[in-house]
Amino acid sequence: MASVLTDFTKKREFLVCMDSDGCVMDTVSIKHTIVMCPELIRVFALDDHADFVASAWEEINLRNITRGLSRFESVVLVFDRLKNRGIEVPGSEDISAWVNTSAELSTASLQHELLRTGSLALRKLQEWNNACNRRIQALEPTFEPSPVEEACASCTPWLTWLW
1 MASVLTDFTK KREFLVCMDS DGCVMDTVSI KHTIVMCPEL IRVFALDDHA
51 DFVASAWEEI NLRNITRGLS RFESVVLVFD RLKNRGIEVP GSEDISAWVN
101 TSAELSTASL QHELLRTGSL ALRKLQEWNN ACNRRIQALE PTFEPSPVEE
151 ACASCTPWLT WLW
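Be aware that the sequence shown starts at 1, since it is given in my numbering, and climbs by one per residue.
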């Protein structure tokens, strides 16, 4: 990757970059700060620790090499940080066990594990996950994308479907 960037030759007055989700705009930050973290605080009743949880969540998901981690793995990391401060989240060990042993971290896999174990913590995790999905779907655009037709006129065919 480094050689691609160091050998880059400018051909146009613009550069279009996409993240790992295929997004041209930073939509990940909005999802984390407006939806996922506040829902985690609400569902797991972490109001007394909201500032710490928000700081840890944003560091893990937006400002660290762990950016792009599964939302479920992120929950485990935040709960581990709380535990290191002497704050126990009831049932967090059930969540860690599922995250650390599941072959697939998905809504379906979570549902299967919840049915298998009946864990209250996994039920809360499912509530959080479902709330996040609903709220992300309901997000209103907060900015307008830049016109990209001209920029993509010479895009490769596999890329033009994005525009």
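It is worth saying that the hints were derived from the structure and are not from the lab.
Just so you know, these numbers come straight off a predicted model, no measurement behind them.
No residue lacks a Cβ here, since even glycine has one placed at the ideal position from N, Cα and C.
Any given hint could be a false lead.
Have a look at the derived ranges for each label pair, beta carbon to beta carbon [claimed, not checked]:
id, residue 1, residue 2, range
1, R67, E140, 23 to 33 Å
2, K10, N100, 37 to 47 Å
3, S106, T66, 49 to 59 Å
4, G86, I34, 28 to 38 Å
5, R63, T107, 35 to 45 Å
6, T6, G118, 53 to 63 Å
7, E59, A108, 45 to 55 Å
8, E58, N133, 15 to 25 Å
9, N130, T6, 41 to 51 Å
10, G68, K10, 26 to 36 Å
11, T117, T9, 51 to 61 Å
12, L105, S29, 44 to 54 Å
13, R116, E73, 16 to 26 Å
14, S55, A97, 42 to 52 Å
Hint check results:
In this structure the hint that R67 and E140 lie 23 to 33 Å apart at CB holds, the actual value being about 24 Å. About 46 Å separates the C-beta atoms of K10 and N100, a value consistent with the hinted range of 37 to 47 Å. One distance hint, 49 to 59 Å for the beta-carbon pair S106 and T66, is violated here, with the actual separation near 19 Å. Evaluation of the 28 to 38 Å hint for G86 and I34 yields a pass: the beta carbon distance comes to about 29 Å.
Distance hint for R63 and T107: a CB-CB separation of about 27 Å, inconsistent with the stated range 35 to 45 Å. Remark: the range hint 53 to 63 Å for T6 to G118 is upheld by a beta-carbon distance near 55 Å. Between E59 and A108 the Cβ separation comes to about 29 Å, which falls outside the hinted range of 45 to 55 Å. E58 and N133 have their C-beta atoms about 20 Å apart, which keeps the hinted 15 to 25 Å range intact.
In this structure, N130 and T6 meet the distance hint of 41 to 51 Å, their C-beta atoms being roughly 45 Å apart. Here the CB-CB span from G68 to K10 is close to 28 Å, well matched to the stated 26 to 36 Å. At about 56 Å, the CB distance of T117 to T9 agrees with the hint of 51 to 61 Å. For L105 and S29, the hinted distance range of 44 to 54 Å is not satisfied, since their beta carbons lie about 21 Å from each other.
Between R116 and E73 the C-beta distance comes to about 20 Å, which sits within the given range of 16 to 26 Å. A C-beta distance of roughly 26 Å is found between S55 and A97, which places it outside the suggested range of 42 to 52 Å.
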